[in-house]
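Engineer: As you go down the protein sequences, you meet chains C and G in turn.
The opening position of the first sequence corresponds to residue 1 in this note's numbering, with each subsequent residue numbered one higher.
The opening position of the second sequence corresponds to residue 1 in this note's numbering, with each subsequent residue numbered one higher.
Hints in this document: simulated from the structure, not taken from any laboratory.
In this text, a Cβ means the ideal position worked out from N, Cα and C, and glycines have one as well.
It cannot be assumed that every hint is accurate.
Coverage of chain C stretches by chain G, computed from C-beta distances (three or more under 8 Å per stretch; other residues unrestricted) [unchecked claim]:
| no. | region |
| --- | --- |
| 1 | 69-82 |
| 2 | 244-250 |
| 3 | 255-265 |
Here's the letter readout for the chains.
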Amino acid sequence: MVRVSSPPPRRRIWTRRKLVPYFLLAPALLTFAVFKAYPILDSLWISTTSGAGNATHSVGTANYQRLIHDPLFWQALRNTFEILIVQVPLMLALALLLALGVNSAYVRWRPIWRLGLFMPAVTGLVATGVMFGFLLNKDNGALNWLLNGVGLGKVDWLGSGSGARMAVVLVLTWHYTGYNAVIYLAGLQGVPRDLYEAAMVDGAGAVRRFRSVTVPALRPIILFTVVLSSIGTLQLFDEPFILTRGGPDNATLTVSMYLYENGFHYFDFGYASAIAYALTLLVVILGVAQMRLMGDREK
Amino acid sequence: MPDLTRRSLLRASGAGLFALAAGQTLSACSGDGGSTASSGGGAATGKITVWSWTTAAAALRGIVPAFQKDNPGITVEVQDVGNPAIWDKITVGLAAGGQGLADVLHIGCDYLPGYLEKFPGGLADLSALGADAHKDEFAKGLWPVVSGKDGHAYALPWEVNPLGFFYRKDMFDKAGIDPTGYQTWDDVLADAAKFKAANPGVYLIGIDKPAASSPDCDFLQSLMQLQGAFYFDLQGNITLGSAQSINALTVIKRLNDAGLVGDAAGDHGWSNLMKAGKLAVAPYPAWAVHYLETTFPDQSGKWRLTKPPAVTVGGKRSAIVNSTHLAVANSSPRKQAAWKFVEYALTKPASMNAMFGAGGVFPALTAAYSDPLYQKPDSFYGGQAPLQVFTGLLTDGADATNYSGDYARALQLASDAQVRVFLKGADPATELRKAATQLAQQTGRKIAS
Numbered sequence: 001m002v003r004v005s006s007p008p009p010r011r012r013i014w015t016r017r018k019l020v021p022y023f024l025l026a027p028a029l030l031t032f033a034v035f036k037a038y039p040i041l042d043s044l045w046i047s048t049t050s051g052a053g054n055a056t057h058s059v060g061t062a063n064y065q066r067l068i069h070d071p072l073f074w075q076a077l078r079n080t081f082e083i084l085i086v087q088v089p090l091m092l093a094l095a096l097l098l099a100l101g102v103n104s105a106y107v108r109w110r111p112i113w114r115l116g117l118f119m120p121a122v123t124g125l126v127a128t129g130v131m132f133g134f135l136l137n138k139d140n141g142a143l144n145w146l147l148n149g150v151g152l153g154k155v156d157w158l159g160s161g162s163g164a165r166m167a168v169v170l171v172l173t174w175h176y177t178g179y180n181a182v183i184y185l186a187g188l189q190g191v192p193r194d195l196y197e198a199a200m201v202d203g204a205g206a207v208r209r210f211r212s213v214t215v216p217a218l219r220p221i222i223l224f225t226v227v228l229s230s231i232g233t234l235q236l237f238d239e240p241f242i243l244t245r246g247g248p249d250n251a252t253l254t255v256s257m258y259l260y261e262n263g264f265h266y267f268d269f270g271y272a273s274a275i276a277y278a279l280t281l282l283v284v285i286l287g288v289a290q291m292r293l294m295g296d297r298e299k
Numbered sequence: 001m002p003d004l005t006r007r008s009l010l011r012a013s014g015a016g017l018f019a020l021a022a023g024q025t026l027s028a029c030s031g032d033g034g035s036t037a038s039s040g041g042g043a044a045t046g047k048i049t050v051w052s053w054t055t056a057a058a059a060l061r062g063i064v065p066a067f068q069k070d071n072p073g074i075t076v077e078v079q080d081v082g083n084p085a086i087w088d089k090i091t092v093g094l095a096a097g098g099q100g101l102a103d104v105l106h107i108g109c110d111y112l113p114g115y116l117e118k119f120p121g122g123l124a125d126l127s128a129l130g131a132d133a134h135k136d137e138f139a140k141g142l143w144p145v146v147s148g149k150d151g152h153a154y155a156l157p158w159e160v161n162p163l164g165f166f167y168r169k170d171m172f173d174k175a176g177i178d179p180t181g182y183q184t185w186d187d188v189l190a191d192a193a194k195f196k197a198a199n200p201g202v203y204l205i206g207i208d209k210p211a212a213s214s215p216d217c218d219f220l221q222s223l224m225q226l227q228g229a230f231y232f233d234l235q236g237n238i239t240l241g242s243a244q245s246i247n248a249l250t251v252i253k254r255l256n257d258a259g260l261v262g263d264a265a266g267d268h269g270w271s272n273l274m275k276a277g278k279l280a281v282a283p284y285p286a287w288a289v290h291y292l293e294t295t296f297p298d299q300s301g302k303w304r305l306t307k308p309p310a311v312t313v314g315g316k317r318s319a320i321v322n323s324t325h326l327a328v329a330n331s332s333p334r335k336q337a338a339w340k341f342v343e344y345a346l347t348k349p350a351s352m353n354a355m356f357g358a359g360g361v362f363p364a365l366t367a368a369y370s371d372p373l374y375q376k377p378d379s380f381y382g383g384q385a386p387l388q389v390f391t392g393l394l395t396d397g398a399d400a401t402n403y404s405g406d407y408a409r410a411l412q413l414a415s416d417a418q419v420r421v422f423l424k425g426a427d428p429a430t431e432l433r434k435a436a437t438q439l440a441q442q443t444g445r446k447i448a449s
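Construct all of the structure, not just a fragment, from the sequences and the given hints.
Structural biologist: Structure representation (structure tokens):
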């Protein structure tokens, strides 16, 4: 005989069952509320004020109106989009190529290649800045030496607007290509072998297999990297900050840098918060648009 | 794959919120501001902390033993916060209502007016503690810089930087030119061809033309200050597009067109040009005496110092290009003790000169100049007494400069204008007027008529 203990009263179970998840969630919710939700809402309020410290006063939507008429904000936005349009496709195409390369059975010492690919992503930004500062030096930088060697002439990387934008694209590509390649590599390894075998039986060549098997299988992952990279580029700050400080003549000023300048150089926290909200709006719009454009097609 | 799409969308909007991370930091910094308790209170004993940077911090540390001996009950800890880190730390501290600030703060003339305007009540009213008694003891033009709109002092001047004209005597000798005869920058330009012929590959001055590491407007500002002008007038109106500003940038453009400006782009651009012996003039203020000597020892005996040439015929030949100060945080629970330390450090010739000897911080206290130190010949300057040149320039007097609370914006816009002049050959008048309009739009300040 097995003694079965009588079940506890039903109501108590219900209360306990209902409360337990909340107890478990409480630390996360509380942390979120204090460190995320409150500051986000508070900065919305700050974006309707002007001044700083204890000298703030309400200005309604003046900061947003000012934003619309601020040529530097529009220039920052244009710079950011120019970098985005060139850099993201370039980087992702390169990442996909590299991922195919290090996934290929013909390549030896694959782990070493993979490690090498990922190394730039973990390099400290200050070190990156110093290194590229040397590489891109107009007079004695390695890159110009190389260009000169093949008869292309020197580029004033950091001293001209277009050069500086190219330099930022270059650093971003160097820094994040490996990161995206690793994501693609994981995706490639998830593509069932038999799909390739079936395609080969049907007589598909390497290019055809790539177009008809690899790309469709990777589509959700490509979408994921496009959206993440676009959002990352919209928030671009570190690379131009260490490399060009937004110059020359604001040619590499990004929206995030302009936000930082207004907040911490000019103490104009209200205006900086308005820029933060404008940036958020852009990020959401771009994210949704990309999802619509690329995500719907696969249904 | 609708599931993935939804998840990515959530991720996207999550990242959108992440874009507000900066906003969060901002909101964290916008606390309701400092205690507005009136100055004058606070304990007269206890431990006080001082924030400064590099050589200045070392200099302050040097006088601590003497101060503690004379003021039993007060202990002082000097912290080298570093520059520019100190500005972020003070800004964040003031924005948080004074929390976490040191008792004594070392603040430059470019930040002080901003702190006073944007964080009223953040710094202690030193007039209430007795600072006005020292009003006439500092170089002319400095008291307005430390005074708030209410006329009370919120800091005491420590370091003053009168403008000098350091030049390579060997290079000018080679060209048969004596720079001490220069009256205006026009005279310098008139000698351009002669100088270049005698010194191929050598420039007169070095400027970071694309402003690759930060705005490089020191020379532009010096030329404005020689005319008693700046980005703002004393009332805070915008003078960035004034005739004086245009004169200043025009001198720079003409120097550049004459091939006399070397490109000192990047963090080490200027010192690299100097090390290579490619610069013949350093239009720098008093801090450069010590700096040139210690940084380029192999050029010993080649440098000399004279008054800077005027911008216009008959114009002024002295200017205070910048200054730094010690202030007391209003949040300090030991304001009396902090003030005692500030007063001890900055109003006694002995302590000022001890600090000058230790850190090369040129004193604002005029009584300090009677020390024999200021007459001492220096072999780096070929036996000339460089400090004497500067004390002489300070007795000529200089105009007060109003950096205002919007200096950082003005500096950025002036730098952008200068970059366009350098890189695109733009017209100084057009660029500066455009910059002035933009500054008015950004700050709501009026353009001076």
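Engineer: Confirm or reject each hint.
Structural biologist: Now for the hints, and whether the structure bears them out:
1. Against chain G, the region 69-82 of chain C contributes 4 residues with a C-beta closer than 8 Å to a partner C-beta. That satisfies the three-residue criterion, and the hint holds.
2. Coverage of the region 244-250 of chain C by chain G holds [criterion: at least 3 residues with CB-CB distance below 8 Å; count 6].
3. Counting residues of the region 255-265 of chain C whose beta carbon lies closer than 8 Å to any beta carbon of chain G gives 7, which meets the minimum of three for the stated coverage.
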